[in-house]
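Given two chains presented individually in distinct reference frames, assemble the corresponding complex, making use of the accompanying hints.
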Amino acid sequence: MISFSLNDTAKAFLLSIAMLIAVLGAWELATPAAKSAGELSEYEMLTGGGGQQASVPAPSQVITKAIDELSNPFYDNGPNDKGIGIQLAYSLYRVLTGYFLAALIAIPVGFLIGMSPIMYKALDPFIQVLRPISPLAWMPLALFIIKDSQASAIFVIFICSIWPMLINTAFGVANVRKDWVNVAKTHELSHLKTAFLVILPAAAPTILTGMRISIGIAWLVIVAAEMLVGGTGIGYYVWNEWNNLDLTSVIFSILMIGIVGMVLDTIFAFIQRAVQFQE
Amino acid sequence: MSKSFIEVTGLTKRFPAPKGGEPLTVFENANFGIEKGEFVCIIGHSGCGKSTIMNILAGLDQPTEGGIVMGGKEVSGPSLDRGVVFQNYSLLPWLSALKNVMFGVRARHPEWSRSQVYEHSQKYLEMVGLTGGAEHRKPAQLSGGMRQRVSIARAFAIQPQLLLLDEPFGALDALTRGTIQDELTRIWSGSEQTVFMITHDVDEAILLSDRILLMTNGPYARVAESVVVDIPRPRDRAEIIHNPGYYKIRNHLVEFLARRSKELAGNREHSGEPPVTVRPAKDDADDKERQSTSRPKLVSIAS
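Order-wise, the sequence lines are chains A and B.
The opening position of the first sequence corresponds to residue 1 in our numbering, with each subsequent residue numbered one higher.
The opening position of the second sequence corresponds to residue 280 in our numbering, with each subsequent residue numbered one higher.
Isolated chain B, as found in the complex (with noise of 0.2 Å):
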């Protein structure tokens, strides 16, 4: 098996118990990987973790066991290559959206003289449509999607080899959110950049990503599937539904969330193991193959 772009391998979190006893374990041996300018989505119960993976591959958390390796690096601390996009914006309050994104910018490139700054920032809020003044306001003046829309141009404009979105459209109305998912989209889609995104929104994940990783509830949470998204891009939000494929994935994601999550829920038998690969979108022949190797898998996991 040729290697990831990023690999993680036996990624344990336990938290010491409050007072002696068992420490809790949220998630145990989590293997998996991501290519080079793909876009995944990791989705699961609160509680399983997902955050604590983010935050272990933004380098703002230490695993108990297990590690992560990113373009034949390991991952030991926060990196400018690593990008991340928190749900609550996380933009410097005391700053214009313009001051925010040049603060990453001058971070990146602390040698770049402040017009080069400028202009590089001023690109990357153009991209996300904040112009026209708006970019001299404080985040407190700019609306939730706004605000949400500096983050991303933050983001991007550092460059990073991996971009992390911590449920990014969380807090936004549905509206809103399906506004800038088309934006974030967009940009992706012009930049080969890799995304890792957390998201409780399963029409959100099929939209935007190439795969998700389905995870189990907590604890002794474990990645158990990972669910390719056969759906040819460019996406649009409207004539993704019709696609033959898109209610498929669906129903599996949303099946695998309100039932198999709690019934593989602490089953330990398979940890260890990468995520099972499922194709739920692919043609009828191939979907069998599917059935045939992995299905019997599933079932004796569900027992």
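Here chain A stands alone, though its shape is the one from the complex (with noise of 0.2 Å):
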């Protein structure tokens, strides 16, 4: 059995090189490749070199773009020219900061509602009527109340990533077994010991599974967000570069994005896999 998984993973995994190589061996091969010095117009030495049209740049540009930024991830040559490292630390932190103020609301609430059918029937239709508003629409009004383009990122984060982790929780703590419930009942265990040792055990992968959801979204919103705000962080970044139409850093930050996105939603993935448990 185990020789035949790993077998599988072999075959998917060489599948998945073969499949990068065609692309991008494609795709290099549809980029016109850059002009030699000696062939160039006028026109273009006095451009420095560029076409008269901004092409997308070929793969190997991008990965010697890419070897050229995460070599010294961490330069900051004054605001408009900070490394990659730099600007990834910036939007991490605004993600990571909003979602877990929302998760120090989202569990507890969540908990309540899932414990209180009466909870969950008054809280309900604020909860649906909110829940679909794209976090960005409360931009302006953050914008406003809050007076800080750095801290109103944070809010649009927070709003973005409570609504799973609560969904979830409320899920989760109402569908506990009732079995289960019942155990602590014949033990004579206190409310706030059913809660904490039969209950939150009990939900924990469904709550794990709402945040590792909330992390994603979030982890999607900051970009927009951060095109928005300005100043720093990743989405800052892939936005100033295309107003340097820069598209070589533009392709290696949505790479980042993607890179970073995963690694977030490995970690998640980690802690829920803890957290399981059989029946």
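No lab work stands behind these hints, which were simulated from the structure alone.
On a predicted model such as this, the values are computed, not experimentally measured, just so you know.
Do not take every clue at face value.
Below, computed lysine-lysine pairings styled on DSSO-like, alpha-carbon distance capped at 30 Å [as the list claims (entries may be wrong)]:
{"#": "1", "chain 1": "A", "residue 1": "Lys121", "chain 2": "A", "residue 2": "Lys193"}
{"#": "2", "chain 1": "B", "residue 1": "Lys298", "chain 2": "A", "residue 2": "Lys178"}
{"#": "3", "chain 1": "B", "residue 1": "Lys378", "chain 2": "A", "residue 2": "Lys178"}
{"#": "4", "chain 1": "A", "residue 1": "Lys178", "chain 2": "B", "residue 2": "Lys402"}
Derived DEER-like restraints, expressed as beta-carbon distance ranges [as the list claims (entries may be wrong)]:
{"#": "5", "chain 1": "B", "residue 1": "Ser355", "chain 2": "A", "residue 2": "Val275", "range": "31 to 37 Å"}
{"#": "6", "chain 1": "B", "residue 1": "Asp461", "chain 2": "A", "residue 2": "Ala12", "range": "50 to 56 Å"}
{"#": "7", "chain 1": "B", "residue 1": "Val348", "chain 2": "A", "residue 2": "Met119", "range": "32 to 38 Å"}
{"#": "8", "chain 1": "A", "residue 1": "Lys193", "chain 2": "B", "residue 2": "Pro511", "range": "41 to 47 Å"}
{"#": "9", "chain 1": "A", "residue 1": "Lys178", "chain 2": "B", "residue 2": "His479", "range": "18 to 24 Å"}
{"#": "10", "chain 1": "B", "residue 1": "Gln420", "chain 2": "A", "residue 2": "Met119", "range": "34 to 40 Å"}
{"#": "11", "chain 1": "B", "residue 1": "Gln395", "chain 2": "A", "residue 2": "Ser134", "range": "53 to 59 Å"}
{"#": "12", "chain 1": "B", "residue 1": "Gly350", "chain 2": "A", "residue 2": "Lys193", "range": "21 to 27 Å"}
Part of the chain B face toward chain A, derived, beta carbon under 8 Å [claimed, not checked]:
{"#": "13", "residue": "Ala337"}
{"#": "14", "residue": "Leu339"}
{"#": "15", "residue": "Leu359"}
{"#": "16", "residue": "Phe365"}
{"#": "17", "residue": "Asn367"}
{"#": "18", "residue": "Ser369"}
{"#": "19", "residue": "Leu371"}
{"#": "20", "residue": "Pro372"}
{"#": "21", "residue": "Ala386"}
{"#": "22", "residue": "Lys417"}
{"#": "23", "residue": "Ala419"}
Backbone N, C-alpha and C define an ideal beta-carbon position, used for all residues, glycine too.
This is the structure:
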């Protein structure tokens, strides 16, 4: 069995590599090669070797850029030129701050809603109305009230990551098997002990699913939020490089957004596995 | 009549009808007692309210009317004095077998040190034969029989005054069931534990219990008979079937379940009476006496 699955994994891995090579190869071939210096027209020399039309860079150029950026990720040459590491760190700081503030509220409130059917019914209409609002729609209001673009970005992350955690926590808590609650009852556990010793571990996999969805959404939203707010962060970086017409950097940063998102998701998947139990 | 350890009086459970109309009366005016140290089984068809009676005894459900007094105190909610083993084991799946038992012990003795809790739990796991690494496995990694052993260990480890077993062997295969029944008898005989158990298995009831309560079919079910199992202990699975009383009891039970539980169903004439005591395995002399006193009564119920 194990040798089989290993075999399959190896096959899938090889296939992934082959697809990557094929796509990058096609992309590379489709990109017109930069002309060598000797063939430059007068106009091209005046514009520093640039073509009349900017073109999508070849993967080789992106890779060169990546190596260049990643070899010195934390340089800081003023507000318009910071290393990719610094930009990502700003984004991560905002995401994690907003996210953990949201968790701090969503999990206890979700617990309350899950435990009490009345609270569930009472809060449900508010949740249903607030949940579908695009987090960016809050931005003007946040900017006006908070009067700080940094904090507003954090608020936007807060508001977008609260719902999946809240709803999943409430759902997980409300659906804890009655048998387990009965075990707590027959053992004369206090409400607090029941919550921590029985309901929390029983609902943990569902709560973690909500937390994993939330971190994914938060990472999606931060890019857009930082494009609006500006100043620092990976979202600002993408937009800034677009304004610089540096498409190599744009593609490189898109790739970095994907990689960081994947790492965040992997971390939560790992925690999720740790609290998972088999019935 | 002296008071029993557990007195069930006038116990009634009605469920409100879905759309107005008559409420559904599962059982009505059930009266019976359980003595200290007694092993009592209750048998009846599905829907007669056995599980509801057990849940009320456990304090997880409320009766519509009537009540239960245990050791002079009214049963009003769940308590560690009444341990429960559910059919589906109800172990906490995120804890190992040992931790599940420790969970119960810690709830019972919050003042104990970790090592005391550990040793006490280990002792009861050894009693049910769960050692050698198996105690560190999660319930999902244990067989059904092993899981039920853990449940039994947890229930015995909190040393309740009354142990409630809700069809504890219902989900097990016949061979495993036999082994665990033997283990249960062995642990029970050394403990003077009062046990109230639901079962569907007539042979299991005879093997384990001192007395078997028979319920008529619902609605308006009631505890109609209390069958005394006059077979000396210790009982052995292989030996018991050679006891002359065994088949008398067995036939009586099967006859009740197959025929009279239906005939008596819905009959409210004897509502509120304590169950008729029947001793099918008593010596012939006593047998005649029994027949003269209780047989006419039974016939009148059946008609």
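So, going through the hints one by one against the coordinates:
no.: 1; hint: A:Lys121 / A:Lys193; in the structure: holds, 25 Å
no.: 2; hint: B:Lys298 / A:Lys178; in the structure: holds, 26 Å
no.: 3; hint: B:Lys378 / A:Lys178; in the structure: holds, 20 Å
no.: 4; hint: A:Lys178 / B:Lys402; in the structure: holds, 29 Å
no.: 5; hint: B:Ser355 / A:Val275: 31 to 37 Å; in the structure: holds, 36 Å
no.: 6; hint: B:Asp461 / A:Ala12: 50 to 56 Å; in the structure: holds, 52 Å
no.: 7; hint: B:Val348 / A:Met119: 32 to 38 Å; in the structure: holds, 37 Å
no.: 8; hint: A:Lys193 / B:Pro511: 41 to 47 Å; in the structure: holds, 45 Å
no.: 9; hint: A:Lys178 / B:His479: 18 to 24 Å; in the structure: holds, 22 Å
no.: 10; hint: B:Gln420 / A:Met119: 34 to 40 Å; in the structure: holds, 37 Å
no.: 11; hint: B:Gln395 / A:Ser134: 53 to 59 Å; in the structure: holds, 57 Å
no.: 12; hint: B:Gly350 / A:Lys193: 21 to 27 Å; in the structure: holds, 26 Å
no.: 13; hint: Ala337; in the structure: holds, 6 Å
no.: 14; hint: Leu339; in the structure: holds, 6 Å
no.: 15; hint: Leu359; in the structure: holds, 5 Å
no.: 16; hint: Phe365; in the structure: holds, 6 Å
no.: 17; hint: Asn367; in the structure: holds, 6 Å
no.: 18; hint: Ser369; in the structure: holds, 4 Å
no.: 19; hint: Leu371; in the structure: holds, 6 Å
no.: 20; hint: Pro372; in the structure: holds, 5 Å
no.: 21; hint: Ala386; in the structure: holds, 4 Å
no.: 22; hint: Lys417; in the structure: holds, 7 Å
no.: 23; hint: Ala419; in the structure: holds, 4 Å
In the structure shown, no violation is registered for any of the earlier numbered hints.
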